[in-house]
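Asker: Sequences and hints are given; from them, build the entire structure.
Each chain is listed here by its residues.
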Amino acid sequence: MFDKNLRGMIDDVKDGRMDRRGFVKRMIAVGLTAPMANQILAIGGVAMAQSPNPYKPTKRGGGGPLKLLWWQGPTLLNPHFATGTKDQDGSRLFYEPLASWDVDGHLNPILAAEIPSIQNGGLSADAKTVVWKLKPGVKWHDGKPFTADDVVFNWEYASDPATAAVSSGTYSGMTVEKVDDLTIRIKFKDPTPFWANAFVGAYGCIIPKHLFAEYKGSKSREAPNNLKPVGTSPYKFVEFKPGDLIRGEINPDYHMPNRPYFDTVEMKGGGDAVSAARAVIQTGEYDFAWNIQVEDEVLLRLEKGGKGKTLYAVGGDIEFIAINFTDPNTEVDGERSSIKTKHPILSDPAVRKALALLVDRESVKKAIYGRAGRATANYLNGPEEFVSKNTKWEFSIEKASALLEQAGWKAGSDGIREKDGKKLKLLYQTSINGPRQKTQAIVKQACQKAGIDVELKSVVASVFFSSDVANPDTYSKFYADIEMFQIPMTQPDPALHMRRYHSRNVATKENKWQGQNFTRWVNKDFDAAIDAADTEIDPIKRADLYIKCNDLMWQDTVVIPVMHRLAVEACSNTVRPALSGWANQTDNLQDWYRET
Amino acid sequence: MSQYILRRLMIAIPSLLGISLVLFVVLALAPGDPFSELATNPNVPPEVQAALRAKFGLDDPIYLRYLHWLAAMAQGDWGFSFVSRIDVDTLILQRLPTTLYVVGSSQLLALLIAIPVGVYAATRPYSIFDQLANTFAFIGFSLPTFFTGILFILVFSVKLDWLPFVYTEVPGSGIKWALEMIRQAIMPVMVLGLFQAASMTRFVRSAMLDVIRLDYVTTARAKGLGQAKVIVKHVMRNAMIPVVTLVALQVPAVFGGAIVTEQIFRIPGIGSLLISSILANDTPVVMAVTFVFACLVVLFNLIADVLYGWLDPRISFR
Numbered sequence: 011m012f013d014k015n016l017r018g019m020i021d022d023v024k025d026g027r028m029d030r031r032g033f034v035k036r037m038i039a040v041g042l043t044a045p046m047a048n049q050i051l052a053i054g055g056v057a058m059a060q061s062p063n064p065y066k067p068t069k070r071g072g073g074g075p076l077k078l079l080w081w082q083g084p085t086l087l088n089p090h091f092a093t094g095t096k097d098q099d100g101s102r103l104f105y106e107p108l109a110s111w112d113v114d115g116h117l118n119p120i121l122a123a124e125i126p127s128i129q130n131g132g133l134s135a136d137a138k139t140v141v142w143k144l145k146p147g148v149k150w151h152d153g154k155p156f157t158a159d160d161v162v163f164n165w166e167y168a169s170d171p172a173t174a175a176v177s178s179g180t181y182s183g184m185t186v187e188k189v190d191d192l193t194i195r196i197k198f199k200d201p202t203p204f205w206a207n208a209f210v211g212a213y214g215c216i217i218p219k220h221l222f223a224e225y226k227g228s229k230s231r232e233a234p235n236n237l238k239p240v241g242t243s244p245y246k247f248v249e250f251k252p253g254d255l256i257r258g259e260i261n262p263d264y265h266m267p268n269r270p271y272f273d274t275v276e277m278k279g280g281g282d283a284v285s286a287a288r289a290v291i292q293t294g295e296y297d298f299a300w301n302i303q304v305e306d307e308v309l310l311r312l313e314k315g316g317k318g319k320t321l322y323a324v325g326g327d328i329e330f331i332a333i334n335f336t337d338p339n340t341e342v343d344g345e346r347s348s349i350k351t352k353h354p355i356l357s358d359p360a361v362r363k364a365l366a367l368l369v370d371r372e373s374v375k376k377a378i379y380g381r382a383g384r385a386t387a388n389y390l391n392g393p394e395e396f397v398s399k400n401t402k403w404e405f406s407i408e409k410a411s412a413l414l415e416q417a418g419w420k421a422g423s424d425g426i427r428e429k430d431g432k433k434l435k436l437l438y439q440t441s442i443n444g445p446r447q448k449t450q451a452i453v454k455q456a457c458q459k460a461g462i463d464v465e466l467k468s469v470v471a472s473v474f475f476s477s478d479v480a481n482p483d484t485y486s487k488f489y490a491d492i493e494m495f496q497i498p499m500t501q502p503d504p505a506l507h508m509r510r511y512h513s514r515n516v517a518t519k520e521n522k523w524q525g526q527n528f529t530r531w532v533n534k535d536f537d538a539a540i541d542a543a544d545t546e547i548d549p550i551k552r553a554d555l556y557i558k559c560n561d562l563m564w565q566d567t568v569v570i571p572v573m574h575r576l577a578v579e580a581c582s583n584t585v586r587p588a589l590s591g592w593a594n595q596t597d598n599l600q601d602w603y604r605e606t
Numbered sequence: 159m160s161q162y163i164l165r166r167l168m169i170a171i172p173s174l175l176g177i178s179l180v181l182f183v184v185l186a187l188a189p190g191d192p193f194s195e196l197a198t199n200p201n202v203p204p205e206v207q208a209a210l211r212a213k214f215g216l217d218d219p220i221y222l223r224y225l226h227w228l229a230a231m232a233q234g235d236w237g238f239s240f241v242s243r244i245d246v247d248t249l250i251l252q253r254l255p256t257t258l259y260v261v262g263s264s265q266l267l268a269l270l271i272a273i274p275v276g277v278y279a280a281t282r283p284y285s286i287f288d289q290l291a292n293t294f295a296f297i298g299f300s301l302p303t304f305f306t307g308i309l310f311i312l313v314f315s316v317k318l319d320w321l322p323f324v325y326t327e328v329p330g331s332g333i334k335w336a337l338e339m340i341r342q343a344i345m346p347v348m349v350l351g352l353f354q355a356a357s358m359t360r361f362v363r364s365a366m367l368d369v370i371r372l373d374y375v376t377t378a379r380a381k382g383l384g385q386a387k388v389i390v391k392h393v394m395r396n397a398m399i400p401v402v403t404l405v406a407l408q409v410p411a412v413f414g415g416a417i418v419t420e421q422i423f424r425i426p427g428i429g430s431l432l433i434s435s436i437l438a439n440d441t442p443v444v445m446a447v448t449f450v451f452a453c454l455v456v457l458f459n460l461i462a463d464v465l466y467g468w469l470d471p472r473i474s475f476r
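Sequence order for the protein chains is A and B.
With the working numbering applied, the first sequence corresponds to residues 11 to 606, in that order.
With the working numbering applied, the second sequence corresponds to residues 159 to 476, in that order.
Worth flagging that the hints you see were computed from the coordinates, not collected in a lab.
In this text the structure is predicted, and so the values were computed from the model without any measurement.
Any given hint could turn out to be false.
What the hints assert, rightly or not - If you only want the chain B side, here are some residues facing chain A, beta carbon under 7 angstroms, derived:
| id | residue |
| --- | --- |
| 1 | E195 |
| 2 | P204 |
| 3 | A208 |
| 4 | S242 |
| 5 | T281 |
| 6 | S315 |
| 7 | V316 |
| 8 | T376 |
| 9 | R424 |
| 10 | P426 |
Even for Gly, the Cβ is constructed at its ideal location relative to N, Cα and C.
Answerer: Here you go:
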């Protein structure tokens, strides 16, 4: 009797009718321990690494409208053209990847039948091939079946340079082939331990071959379905006005049981972050607002007795100060900040260490980021297994002064330290953004007390992050001594995040400043560790290599991490979203519901 | 008359060309990159950003880009948005009805307030009514719309919870839908309308005062005509000449939208399209919106001049 019930329950978990936690709770109730309950699930065929989001509704639909407020409205709905996260979020309402990232940074199958692993034969031992099995019976919104041809087509589409797809980088260095109607095989040129980039997450969304096949390459922008998405998601497309509004309605043929909960979905764009927070938390006009980069003080005030609250998703986004290792004021072969030069002041490790001691992270957190930031000494802050425990940070003007004094930087008559006729003066640039300007002021104040003169500069974000070769104010040209901005981590793997500081990626005039190593730091040990990690298959050894990379950057003070930033969202008290710091906010939209 | 209009139109061509050249050069010289959001995304190699710039012709010399734009515009092709990857005219036409509805109603509201109040105040200068009207007019045009907009939101949405402050266009029909459309437009229309009404009231009042003192008005009164008839038939008709010009010159603004107010209330109009395109460095859209706006200004200047002659036949066209 018990056995029969148990089997039924395992099947419920498999089909998503019961969530994992519910199962474990029931097992504990009959006297089993939690790990044992998990084992039962694993033996029953529910993979361990998959932790589906808790989902309570027991039938599809009936949840009324879901109203989302994105203060920057999506401007296009083709995931392969999605320039910003707003466009990725908008496209994700209608298109789905093979798998999404859950809150812990684990893969959650969406269009895939299962997550490839060595055990199920999906992954090869040499990390060169991945076999994805697709979920059978999935239909596009227009009723056509979803097959392996669609997946293969997406690789062809994105990797064709004439398509001008933003996702082209995700699909380079590999070939994708169809094994049968529901199986595809990815072959990498080189061993790729992090194989879950293509077909996963924002740039992994799959567009239908039967509607886009004619519009591959240079005709890509003429495709009528760029504006009228036909996907596989829980919501069907109704209307799109670029920058303003997206509307969708329930997909009655959705491939997951009991999902979705809401009958319609609406994503409204425009305005600013503060009033978006207000519309969700204070007046309750909307259910969910994205990316609430607002001072914590304001949010706390709104939350008092409001209709909503703020939610925080932990990822790996890092706000940091980068140090220029080359001289921004000397021109060599028509190039400033040339790799052939050395920074006159910052090449002294004592100055870099002193600077790190002068960043008062606690004050920055208290005055600016609040609950949305965590003080850190690490450049790499997640997932857990990649986080170094060997580093520490400290704020001490006395220690910084002593360090400078020891290194021979003596205070001049104007109170500014100097050595060999060189004044300790630094130009500190960042992009225009309230919290950043305030952080600049906090750092400047501490530096002044230690005898370092800091000049502040701020550049409009669209100029700072421009790839315009003629523009002198970009972060990659780095015509300043130190600069501050945020680098997001778009997936729970450090490979892309850390690779940028490899010496082969130094930004130079020759590569039109496209090299991602804008600090121009060169370190042989770091290069060796990155190269080794790129092909290391053993996950533990690989994690150790990235921790080593992080520690090398810390020892050499290449960057001064300021804040490990969390994604901040505003959410109605009744809506239960499924969020992850490793994914776009809408990446697990099928699991959202409202508690009544 | 027709010769005059034709001549004015001919003169408009070089001035529009000049305007387009200035606009284009200024936009081309302004730094920025429509693809700057890609820069810090570790998933997107920098070559992708550079390739997109090259593909969309952002690296070509300015004169070449201008000639391309001009040739396309002459054929009715308004260009192609870098950010949305669709034609600019589609984007603009999608936004136009909302702007016409919101900004148009606010202009109408402004006229409905300004003309009666201005006229009545002018007939009784320095009375209590006039003093009050003047005070409110001064307050009205001293307060910027971004201030009154936020004040309205705080009072009517947050405190009283009467009106929504996010404007969304949901298709539908029926009385309930129409009421909802009106309800959400109340705040933005009031903010814009009251601001316009304030300065227009002052204008109407002083135009009326200029006329009301003239001898022919005294004559009309001496003939024994009633006050209402004198004011409406004799004074207003003449006083309206500068007002009509002012209104005609305001019409392009109805098409151009209201940048600040549209942004505050999230109204999907031309103004918010313009500001988001400027922030995203989407030059083709900025170029199209500003150029269309320039054309409208030139056109309505001409219309104002023609109306002048119609209202006052003493003005001749040469």
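Asker: Quick one, is the P204 (chain B) hint okay against chain A at 7 angstroms, beta carbons?
Answerer: For P204 (chain B), the interface hint holds, since the closest Cβ of chain A sits about 4 angstroms away, which is under 7 angstroms.
Asker: Does E195 (chain B) pass the interface check with chain A, least Cβ-Cβ distance below 7 angstroms?
Answerer: holds, 4 angstroms
Asker: Is the interface hint for T376 (chain B) satisfied, with its Cβ closer than 7 angstroms to some Cβ of chain A?
Answerer: This interface hint is violated because 56 angstroms lies over the 7 angstroms limit.
Asker: So, P426 (chain B) near chain A? Judge it on the closest CB pair being under 7 angstroms.
Answerer: It holds, given that the least Cβ distance between P426 (chain B) and chain A is near 4 angstroms, below 7 angstroms.
Asker: When the nearest CB of chain A is found for S242 (chain B), is that gap smaller than 7 angstroms?
Answerer: holds, 4 angstroms
Asker: Does R424 (chain B) meet its interface restraint, that is, does its C-beta lie within less than 7 angstroms of any C-beta in chain A?
Answerer: holds, 4 angstroms
Asker: Quick check on A208 (chain B) please, does its C-beta sit within 7 angstroms of some C-beta on chain A?
Answerer: holds, 5 angstroms
Asker: For the restraint on V316 (chain B), tell me whether the closest CB of chain A is nearer than 7 angstroms.
Answerer: Hint holds; V316 (chain B) Cβ to chain A Cβ min 6 angstroms, cut 7 angstroms.
Asker: For the hint on S315 (chain B), does the least C-beta distance to chain A fall short of 7 angstroms?
Answerer: holds, 6 angstroms
Asker: T281 (chain B) was flagged as interface toward chain A. Is the shortest Cβ-Cβ separation under 7 angstroms?
Answerer: The hint is violated - T281 (chain B) has no Cβ within 7 angstroms of chain A, the shortest such distance being about 43 angstroms.
Hint violations for this structure: numbers 5, 8, all remaining hints satisfied.
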